[in-house]
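Trainee: Line by line, the protein sequences are chains A and B. Residue numbering for the first sequence follows the numbering used here, beginning at 1 and increasing consecutively. Residue numbering for the second sequence follows the numbering used here, beginning at 377 and increasing consecutively.
To be clear, the hints were calculated from the coordinates, so they are not data collected in a lab. Treat each hint with caution, since some may be false.
Said to hold, decoys possible - Here are the computed lysine-lysine pairs in the DSBU-like style, where the Cα-Cα straight-line distance is at most 35 Å:
| # | chain 1 | residue 1 | chain 2 | residue 2 |
| --- | --- | --- | --- | --- |
| 1 | B | K445 | A | K175 |
| 2 | B | K456 | A | K205 |
| 3 | A | K254 | B | K466 |
| 4 | B | K411 | A | K116 |
| 5 | A | K69 | A | K316 |
| 6 | A | K346 | A | K144 |
| 7 | B | K403 | A | K268 |
| 8 | A | K34 | A | K338 |
| 9 | B | K403 | A | K308 |
| 10 | A | K338 | B | K411 |
| 11 | B | K384 | A | K346 |
| 12 | A | K241 | B | K456 |
| 13 | A | K176 | B | K445 |
| 14 | A | K258 | B | K465 |
| 15 | B | K471 | A | K257 |
| 16 | A | K69 | A | K345 |
| 17 | A | K156 | B | K432 |
| 18 | A | K119 | A | K144 |
| 19 | A | K256 | A | K268 |
| 20 | A | K346 | B | K439 |
| 21 | B | K403 | A | K345 |
| 22 | B | K456 | A | K258 |
| 23 | A | K345 | B | K439 |
| 24 | B | K432 | A | K96 |
| 25 | B | K411 | A | K144 |
| 26 | B | K392 | A | K347 |
| 27 | A | K176 | A | K218 |
| 28 | B | K439 | A | K175 |
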Amino acid sequence: MALETYKTEQNRLEKEEAKKAGIPEEPEDTLTIKEIINSKEQSSLLGDMIEHDGDDTDKELMSRLVSGKMEATDIDRLEKFRGKFSEKTRDAETIKEEMTPELAQEIARQNPEIQKIVKLVGPEGVVRAVQENIMKIAVTDPEKFKKISKSVETMKSFREGDLKKLDDSVNEFCKKHGVNADEYMKVMAINKFEDRQKALSDLVKSQWSGQGGWGAMKKSLNWLSGDLFSTIRTTTLEGNKKREINDALETLDKHKKKLGSVLGASIKGNKDLLEALSREIVGTPKKKESVGMSDVKKVATDAEGIKKNWDIIKKKERPNCKSMTPADQDIFRNHFMKEQESYAKKKLAEQGGFWAAIFGALFDTMFAGFDKKSLN
Amino acid sequence: MSTTDATKSLLEEFTKVVETGNEQAAKDFIIDHLKEFPESAQTKIISAFFFDALEKEADGIEKRAALQKEALAVFADIEKADSKLGDEKKKIELKEGLGI
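With the sequences and hints as input, model every part of the structure.
Mentor: Next up, the structure:
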């Protein structure tokens with residue numbers, strides 16, 4: 001009892017000292033090394049993180065962690081990863097909670113591929129899969145995790161936050177002013193995809209590019225509300241005044257109609273239309289296409305590739321392989337396979353994007369079923 | 377055919393589709409044969425499709441919001457100018473009516 005009291009008091013004093021020294025307090029749910037090691041899931045994730053972030057010594061430590069052959073000094077080394085690991089898993093837990101069957105259905109409504117997947121495995125199946133992967137992405141691919149987190153936040157805001165308020169106010173505005181997106185909608189009615197894309201792009205460009213475009217509208221607006229207005233106030237020729245005001249009001253009306261069609265389209269339009277309008281009006285640069293399938297395929301190793309690499313490496317590093325003992329051959333083969341796995345994953349990670357994730361999944365499948373005995 | 381053999385032939389078939397260079401056909405192949413892949417691969421494939429769709433959807437929403445904000449702000453300026461000029465026009469008409 002006295003010992004417990006002492007420990008509690010000691011703990012309190014340490015925290016107080018740390019606070020005085022300006023050391024930030026650790027969140028309550030920070031995991032201890034012991035807790036991480038005792039959990040199969042957590043230790044595997046920590047292993048993934050060390051594989052990604054650590055140096056060679058750390059990777060050896062990871063092998064001992066995975067095989068359960070930890071040494072006393074390893075705990076100290078693991079300490080250096082603990083805070084970062086806890087922080088990443090905490091962030092991942094927050095995003096994990098946002099991955100709901102409702103979100104899966106929301107995405108499926110807009111995306112035919114997700115629609116098909118939902119039909120196959122159900123929205124819950126989709127959620128299970130993404131929840132299982134999000135933890136790994138959080139500890140091994142911070143950039144990708146950041147993008148996912150941002151996307152989740154945007155979806156949430158569009159469902160219940162500021163973006164919803166904005167969309168609602170535009171909806172209300174369009175109703176009040178009776179605006180619509182007639183011209184754009186007519187183009188959207190063209191059936192053939194290529195023709196529709198071309199017509200859409202031409203229409204948006206003709207309306208918003210160059211001299212009659214967005215910049216010109218803003219300039220004209222400044223002139224109408226500034227310079228022209230002051231001229232009208234000072235001039236005494238009533239007839240001219242009236243004509244100028246009528247002309248200005250007519251111009252404003254044209255601007256209104258043009259802008260109204262943009263606002264109407266922002267509610268009714270599809271993604272291609274929004275992309276085209278956004279590029280011309282807001283000046284959003286066209287999003288860089290992610291690395292295509294054929295490029296990723298070039299770096300994705302298949303079973304044949306592994307066999308070819310084996311012949312090259314064996315000839316170069318162990319020309320006397322056949323005279324080695326079976327045990328040594330096995331060690332060499334295992335080392336080669338580990339190198340192949342790590343190299344393939346590194347190359348795919350460098351490519352990033354959808355196809356790298358797909359080829360990564362297929363590489364793992366091929367690798368797991370690869371017959372090492374075929375390497376002789 | 378063992379599970380490994382089935383997976384091997386599935387991967388070979390997929391490679392043939394990839395070699396045609398048709399990305400949509402490759403995506404369709406993966407989804408159509410999703411259930412034939414080992415469970416761990418299924419999980420990764422579903423995640424890849426989902427995160428890609430999620431990012432595209434969020435990107436569209438952000439573009440839409442930026443466009444709406446910009447257009448609404450300009451529309452508000454038009455309304456202001458409209459009202460200023462409208463008042464001025466009314467004044468002239470009033471004066472005309474009064475014969476001033």
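Trainee: So if I understand the rule, the pair passes when the alpha-carbon distance is 35 Å or less; does K345 of chain A with K439 of chain B pass?
Mentor: The given pair, whose Cα atoms are some 33 Å apart, holds under the 35 Å limit.
Trainee: Next pair to validate is K392 of chain B with K347 of chain A; report whether the Cα-Cα distance is within 35 Å.
Mentor: holds (22 Å)
Trainee: Does the structure keep K384 of chain B and K346 of chain A at a Cα separation of 35 Å or less?
Mentor: Measuring from Cα to Cα gives roughly 23 Å; hence the hint holds.
Trainee: What's the verdict on K403 of chain B and K308 of chain A, does the C-alpha distance respect the 35 Å limit or exceed it?
Mentor: It holds: about 28 Å lies between the C-alpha atoms, which stays within 35 Å.
Trainee: Holds or violated: K241 of chain A with K456 of chain B, Cα cutoff 35 Å?
Mentor: holds (19 Å)
Trainee: Is the hinted pair K346 of chain A and K144 of chain A satisfied, with a Cα-Cα distance of at most 35 Å?
Mentor: holds (15 Å)
Trainee: Given the hinted pair K119 of chain A and K144 of chain A, is their Cα-Cα distance within 35 Å?
Mentor: holds (27 Å)
Trainee: Between K403 of chain B and K268 of chain A, does the CA-CA distance stay at or below 35 Å?
Mentor: This hinted pair holds, its Cα atoms lying about 28 Å apart.
Trainee: Run the distance test for K34 of chain A versus K338 of chain A: straight-line Cα separation, threshold 35 Å.
Mentor: At roughly 28 Å apart (the allowed maximum being 35 Å), K338 of chain A and K34 of chain A satisfy the hint.
Trainee: Is it true that the CA of K256 of chain A sits at most 35 Å from the CA of K268 of chain A?
Mentor: Given that 35 Å is the threshold and the Cα spacing comes to 18 Å, the pair holds.
Trainee: Is K69 of chain A close enough to K345 of chain A, meaning Cα to Cα at most 35 Å?
Mentor: With a Cα-Cα distance of about 26 Å, the restraint between K69 of chain A and K345 of chain A holds, given a limit of 35 Å.
Trainee: Sort out whether K175 of chain A lies within 35 Å of K445 of chain B, counting only the CA atoms.
Mentor: Roughly 17 Å between the alpha carbons, so the hint for K445 of chain B and K175 of chain A holds.
Comparing the model with each earlier hint shows no violations; every hint is respected.
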